[in-house]
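As they're listed, the protein sequences go chains A and B. Using the numbering used here, the first residue of the first sequence is number 625, and each one after it goes up by one. Using the numbering used here, the first residue of the second sequence is number 625, and each one after it goes up by one.
Honestly, the hints are just simulated from the structure, not real lab data. We put the CB at the ideal spot given by N, CA and C, even for glycine. Keep in mind that a hint or two might mislead.
What the hints assert, rightly or not - A few chain A residues facing chain B, derived, Cβ under 8 Å: (1) SER632; (2) VAL649; (3) VAL724; (4) ARG734; (5) VAL736; (6) ASN737; (7) LEU757; (8) GLN767; (9) PRO804.
2 protein chains.
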Amino acid sequence: MTTTANNSLRNGVDTAALFATIDAVRADPEIAKFRFRAVNKWVNGTHNESTIHGFYGAKQEMDHQAAWTFDADHPAVLVGDDNGPTPTEYLLHALAACLVSGLANIAAARGVNLESVTATVEGDIDLLGILGLSDEVRNGFEQIRVAFTLQGDDPDKLRAVVEQSRLRSAVYDVLTNGVPVTIEVDAG
Amino acid sequence: MTTTANNSLRNGVDTAALFATIDAVRADPEIAKFRFRAVNKWVNGTHNESTIHGFYGAKQEMDHQAAWTFDADHPAVLVGDDNGPTPTEYLLHALAACLVSGLANIAAARGVNLESVTATVEGDIDLLGILGLSDEVRNGFEQIRVAFTLQGDDPDKLRAVVEQSRLRSAVYDVLTNGVPVTIEVDAG
Numbered sequence: 625m626t627t628t629a630n631n632s633l634r635n636g637v638d639t640a641a642l643f644a645t646i647d648a649v650r651a652d653p654e655i656a657k658f659r660f661r662a663v664n665k666w667v668n669g670t671h672n673e674s675t676i677h678g679f680y681g682a683k684q685e686m687d688h689q690a691a692w693t694f695d696a697d698h699p700a701v702l703v704g705d706d707n708g709p710t711p712t713e714y715l716l717h718a719l720a721a722c723l724v725s726g727l728a729n730i731a732a733a734r735g736v737n738l739e740s741v742t743a744t745v746e747g748d749i750d751l752l753g754i755l756g757l758s759d760e761v762r763n764g765f766e767q768i769r770v771a772f773t774l775q776g777d778d779p780d781k782l783r784a785v786v787e788q789s790r791l792r793s794a795v796y797d798v799l800t801n802g803v804p805v806t807i808e809v810d811a812g
Numbered sequence: 625m626t627t628t629a630n631n632s633l634r635n636g637v638d639t640a641a642l643f644a645t646i647d648a649v650r651a652d653p654e655i656a657k658f659r660f661r662a663v664n665k666w667v668n669g670t671h672n673e674s675t676i677h678g679f680y681g682a683k684q685e686m687d688h689q690a691a692w693t694f695d696a697d698h699p700a701v702l703v704g705d706d707n708g709p710t711p712t713e714y715l716l717h718a719l720a721a722c723l724v725s726g727l728a729n730i731a732a733a734r735g736v737n738l739e740s741v742t743a744t745v746e747g748d749i750d751l752l753g754i755l756g757l758s759d760e761v762r763n764g765f766e767q768i769r770v771a772f773t774l775q776g777d778d779p780d781k782l783r784a785v786v787e788q789s790r791l792r793s794a795v796y797d798v799l800t801n802g803v804p805v806t807i808e809v810d811a812g
């Protein structure tokens with residue numbers, strides 16, 4: 625976070641740059657086509673790690689400022705070594721982060737000041753599904769709950785900002801509506 | 625990774641413990657009800673971070689061995705400060721990690737040896753949706769592709785292990801079939 629005299633900053637969002645970006649996309653919609661990527665390598669047992677670095681967008685291949693790696697594993701109670709969160713917990717994090725990033729932009733664009741935002745996300749899963757012990761239980765979460773606590777400007781405006789974030793969240797869309805996933809295998 | 629004389633270890637998976645766990649769940653299905661959790665706090669702008677620590681399972685509240693935190697942000701080209709991956713990249717990581725953790729267990733259970741596993745996951749997203757510039761473009765990924773490269777035992781067995789992992793993946797299920805998400809807001 626840098627101190628700046630930029631008058632278009634609100635909640636740390638540069639609203640002038642945000643509106644300029646939207647105008648640029650409106651003028652050339654090809655800019656808006658992005659492709660994100662994660663490369664996962666198996667380590668041992670249920671332990672594996674993903675690296676996130678490059679992505680395509682604005683008509684070019686780009687890199688994040690660092691190549692971040694994230695360990696995933698199962699906890700001891702699920703016969704793992706607990707070297708990192710479970711994949712399903714990363715999914716909950718992705719949902720929370722998407723809603724919070726979005727609402728910060730939306731609040732700034734609407735001139736609504738934020739003081740604090742916390743989103744607690746919980747998902748219920750019955751492992752009878754993935755353990756193959758019941759055909760009636762699904763493999764994934766049966767439901768996910770998000771609980772927001774916000775402080776800042778007028779509560780009605782804050783609630784409206786959360787609602788608009790839900791309506792424009794990439795992860796919320798994918799989780800609630802589903803997405804086609806294809807899998808290719810090169811086994812040698 | 626520890627060196628051990630445990631004869632039930634394959635691919636780093638303790639298959640005896642895995643089968644014992646499945647037997648325990650079969651005897652008492654309540655053990656299988658889990659609740660995972662992530663708590664996200666807004667930092668500044670599109671930058672926020674989630675903490676993953678506690679979860680409920682096997683009839684009790686438990687903690688991972690550490691409270692892990694993960695930064696999420698938008699990259700500079702999307703008017704963020706690039707303090708971490710985008711939420712959508714964490715979603716791709718969650719999918720990759722779930723498939724890889726699962727296939728390691730399945731391979732071990734079937735007596736199939738793994739040497740190396742890499743899963744590259746890509747998702748295509750047109751930002752005209754989340755930027756509110758088109759009603760015909762969805763907010764989330766239009767499609768996700770997973771490309772596996774595996775080495776180990778017989779290629780046909782490796783391909784069958786990937787397929788079974790897909791059939792038993794919690795994250796794959798949620799992404800392809802969707803999940804109900806509820807949002808509550810406490811604004812003050």
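Evaluation of the provided hints:
| no. | hint | verdict |
| --- | --- | --- |
| 1 | SER632 | violated (11 Å) |
| 2 | VAL649 | holds (6 Å) |
| 3 | VAL724 | holds (4 Å) |
| 4 | ARG734 | violated (13 Å) |
| 5 | VAL736 | violated (11 Å) |
| 6 | ASN737 | violated (12 Å) |
| 7 | LEU757 | holds (6 Å) |
| 8 | GLN767 | holds (5 Å) |
| 9 | PRO804 | holds (5 Å) |
Taken one by one, the earlier hints fail for this structure at numbers 1, 4, 5 and 6, listed in ascending order.
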